[in-house]
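Visitor: Residues per chain, in single letters:
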Amino acid sequence: MDMIMHMIWNDAFWFAVIRVTTPILYATLGAVIASRAGAINIGIEGTMLTGALMGVLFSALTQNAWMGLLAAMLSGALLGAMLAYFALKMKSNIVLTGIAINILSAGGTIFLLTTITGDKGISTSLNSKVLPNIDMPFIADLPVIGPILSGHNVLTYLVLVCIVMVHILFNHTALGLRIRAVGEAPESADSVGINVFKIKIIALVLSGILAGMGGAFLSMGYMSWFSAGMTAGRGYIALAARAIAGNSSVGALFASLLFGFADTLSNYLQSVQIPVEFIHMIPYVITILGFIVISVVNNKREVMRKKRQLG
Amino acid sequence: MKKILSMILVLALATVMVACGSKSAAPAPEATPAETSSEATAPETAPAEVTKIVLLVSGSLGDKSFHDSSQAGMDMIKEKYGDKVELKTIEMGSDKTKFIPTLEDVSDEDWDIIVTGTFHMKEPVEEVAPLYPDKTYVLFDTAVDYEGIEGLDNVYSITYKQNEAGFLAGAFAAQMTTMTDIDNINPDKKIGFLGAMDIPVVNDFLVGYIEGAKYIDEDMKVDISYIDSYSDAAKGKELALIQYQNQGVDIGFNVAGRAGLGQIEAANEANCYAIGVDSDQAALFADSPEKAARIFTSALKRVDNSLLRTADMYFEGTLPLGKAEEIGLENNGVGLAPYDPSTSVVPQAVVDKVEDLKQQVIDGTIVVPSAIGMDSDTLSAIKASVQ
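Residue numbers (numbering that gives the first Met the number 0), protein chains in the order written: chain H, 0 to 310; chain U, 0 to 386.
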């Protein structure tokens, strides 16, 4: 126990938590936006993977990391629009279409990688760029939190900006209000003249852009290359985090942090004498516990709300 | 319009299915007896003038690892035997349902030797090989069940003693970890191991690694982590960073496919060192020299050498068909990747010591235990001995 406490009260531990959280947080924010508009974006995993590859390819092509990020965002937007087109315009099942996007990305990224580099596993032969790490000017000098909060990748700070932007979008803009209206009652929204189709497309495109940025973080910050299947289920974890987050951007932050914490904890526990099977279980156990807590809280709220309505 | 389109689609689908079906299913039963009778007169002890060898890749080339190594073996055979052999390589891709039909098709053709590998091909070979007794099958990195299944007298299986490669890697790491005159090497007698999963093939490397480290120094500690994935490089990086930054590990060994490459990223960030696996990982990072310099060496399964050796034995008539053979250091089936003396900081003394140990393993003075078939208590005890 002493050892575990010693581990947790360590700058490197919390620094790692933030690093592990970042890609999940992007994806969770993307899931929140889609879900707010009443459209489930199962394709986040594949969108991230495509974003990761596009970031590497275009940063290698232009020799500019920011152009890589832009390409990742555009590819995310494109996949979001594709999902919207097939699911909303062509009336395919949105979950199946999302799965199709994941499969397309899993194979398509390897196909593209092979065509361009001749490699099927990893993009190290491309001289791709990475986005810079940033030392925060004042925060870096602070005791305790300085080393934890400073020195992260620029995308880690950008995700915080994204949280604020998503929060403002939903609570202080007309578009956000429309997205929420479309998500909660599409018929009512339609009856007051909102173009439901257009609003959902916008939401799915925004969702794709965020997922693409999460992918770019993996290949241009976390790693300095793309490797096949490198998202390794983070897009799906984001969907679970979305459920815990309860559709708010601030909730997304905490839900993703929970996953980041659980994952980092399980990484650190590997050096303690606990069977590795138990350690690999920890993130999933925490997910289930998180769900239980959230549903209990939500139930209570619902009961209270009904009581108020009756009273 | 839509109706016509869907009709065309259905038609196309049906044609494809019929075409595939007839190709894979029809020739197999009729051809089997025919071929056995016609070629029974030409026994395999006297190979025809031109020996036809086909390699079935159970995946795709370009993995810079296992499959490419098997292709390299074919190239070596071509180089050595020239016009005496006719070679072909078929990439079967990742669709495992195609493996058996492809193997059947190829068995129907006039190839003398059919080479294939990885555990995906174990069952296909077990199923197809007994139907074509006049063909020679070579299966690498796994062995067919000779005792449980009849008629596998035409199959030669090759497995690799990855524990011996692990032994050399461990002995290498244990020597390097106390060389404090190299940048960022600390005096701690502690090395790292980053495995993909807690499974026998990975643990076989680990057991060898531990034994090699302990052979150099009884007090050597090994920090062991498992990623639980072959593709999650980010998690591999996290685990390696913990070893490097918190556990005092300065040199680690990754046995985790692409996920293990996260260790190189971590080594670069923490200014520590890594040992690769399967392929020369330093060559993988040839375009970023600062990362390549982090990789001292790599533990290799030399599929290429083992295939050339198989061809040699075939032409000498000594190929032990109907048997599985374990190839180790002795036959160059496993080994460490050569160091590049111009860029490497590895001292000559270490290189010599590893060479010496290699010789001792070959002579049999050192016997490296294997995790394959080891019971879990023994394995846990070995792991605990270096904690």
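These are computed hints drawn from the structure, not numbers from a lab.
A portion of the hints provided could be inaccurate.
Stated by the list, open to error - Here are the in silico distance ranges between beta carbons for each label pair:
1) H:62 - U:146: 44 to 50 Å
2) U:82 - H:92: 18 to 24 Å
3) U:198 - H:292: 47 to 53 Å
4) H:197 - U:122: 50 to 56 Å
5) H:111 - U:149: 33 to 39 Å
6) U:147 - H:4: 35 to 41 Å
7) H:126 - U:198: 24 to 30 Å
8) U:285 - H:146: 57 to 63 Å
9) H:62 - U:150: 41 to 47 Å
10) U:352 - H:126: 36 to 42 Å
What the hints assert, rightly or not - Chain U regions said to be covered by chain H (calculated; three or more residues, Cβ under 8 Å):
11) 132-138
12) 182-191
13) 312-318
Unchecked claim - Not the full set, but computed from the structure, chain U residues with beta-carbon under 10 Å of chain H:
14) 80
15) 83
16) 260
17) 321
18) 322
19) 327
20) 329
21) 330
22) 372
23) 376
24) 377
All C-beta atoms, glycine included, are put in the ideal place defined by N, C-alpha and C.
Visitor: Checking each numbered hint in turn, tell me which of them this model violates, lowest number first.
Guide: When the structure is compared with the hints, numbers 1, 2, 3, 5, 6, 7, 8, 9, 11, 12, 13, 14, 15, 17, 18, 19, 20, 21, 22, 23 and 24 turn out to be violated.
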